[in-house]
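Numbering-wise, our numbering puts 1465 at position 132 of the sequence shown, and it's gapless, one number per residue.
Because the hints were derived from the structure by calculation, they are not lab data. Cβ atoms here follow ideal geometry from the backbone N, Cα and C, with glycine treated the same way. Some clues are possibly wrong.
With beta-carbon atoms standing in for the labels, derived distance ranges [claimed, not checked]:
{"hint": "1", "residue 1": "1426", "residue 2": "1340", "range": "40 to 50 Å"}
{"hint": "2", "residue 1": "1490", "residue 2": "1341", "range": "17 to 27 Å"}
{"hint": "3", "residue 1": "1384", "residue 2": "1476", "range": "40 to 50 Å"}
{"hint": "4", "residue 1": "1485", "residue 2": "1363", "range": "18 to 28 Å"}
{"hint": "5", "residue 1": "1352", "residue 2": "1414", "range": "10 to 20 Å"}
{"hint": "6", "residue 1": "1403", "residue 2": "1340", "range": "13 to 23 Å"}
{"hint": "7", "residue 1": "1466", "residue 2": "1406", "range": "43 to 53 Å"}
{"hint": "8", "residue 1": "1474", "residue 2": "1416", "range": "12 to 22 Å"}
{"hint": "9", "residue 1": "1492", "residue 2": "1413", "range": "19 to 29 Å"}
Straight-line Cα separation of at most 25 Å, SDA-like style, residue types lysine to any residue; simulated pairs [as the list claims (entries may be wrong)]:
{"hint": "10", "residue 1": "1384", "residue 2": "1350"}
{"hint": "11", "residue 1": "1449", "residue 2": "1417"}
{"hint": "12", "residue 1": "1384", "residue 2": "1424"}
{"hint": "13", "residue 1": "1384", "residue 2": "1410"}
{"hint": "14", "residue 1": "1449", "residue 2": "1410"}
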Amino acid sequence: MDIEENTTPIINIATEFNGALSEFAITPFSAEISTLLDVLVNDAGPDCPFKCEFNSAAQYIYIAKALLFGDITTSEQMLDTTDPQQLWQLVSQICGVDEDTWLAWRDDVYLDAMRKKCERYPEMREILIRTVGYMLVEVRDPENTCGRALMRLREEILHP
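Given the sequences, and given the hints that come with them, work out the whole structure.
This is the structure in structure tokens:
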């Protein structure tokens, strides 16, 4: 039996387009996390919007993760850093993480972060449109979560 090889060309989101599509690219934007988390975070809702300025999509994603599990202290520390390495170290300190719950919400959190980034940076929409026909890949992430989120966003842009 022949195994069909995937011949779809790929774009490494960490390096192409000067890394603009990467979750760690410094691309400040304002956003509310509560739109995704008000279902899970105790008593979060319209009176608790978690609106603030994020330095990157990664900062948004990992603060959302900390808030999802009620770790306000780590989320505040994450908000105070612009250094991707320090942010990544703080991710490992999030308390109370339930992997099954995170996996259930992860893709939506990534997609929401990329939507917010795209709303702030319209040129990102143009970049995504130029990637039609390519698989978007974050080579450092074996699960390619950011790449998958960007491809979903690209579909939303092309087929609203």
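Hint-by-hint comparison with the structure:
no.	hint	verdict
1	1426 / 1340: 40 to 50 Å	holds (42 Å)
2	1490 / 1341: 17 to 27 Å	holds (19 Å)
3	1384 / 1476: 40 to 50 Å	violated (29 Å)
4	1485 / 1363: 18 to 28 Å	holds (22 Å)
5	1352 / 1414: 10 to 20 Å	holds (19 Å)
6	1403 / 1340: 13 to 23 Å	violated (45 Å)
7	1466 / 1406: 43 to 53 Å	holds (44 Å)
8	1474 / 1416: 12 to 22 Å	holds (19 Å)
9	1492 / 1413: 19 to 29 Å	violated (39 Å)
10	1384 / 1350	violated (29 Å)
11	1449 / 1417	holds (19 Å)
12	1384 / 1424	holds (20 Å)
13	1384 / 1410	holds (16 Å)
14	1449 / 1410	holds (21 Å)
Consistency with the previously given hints fails for numbers 3, 6, 9, 10, ordered from lowest to highest.
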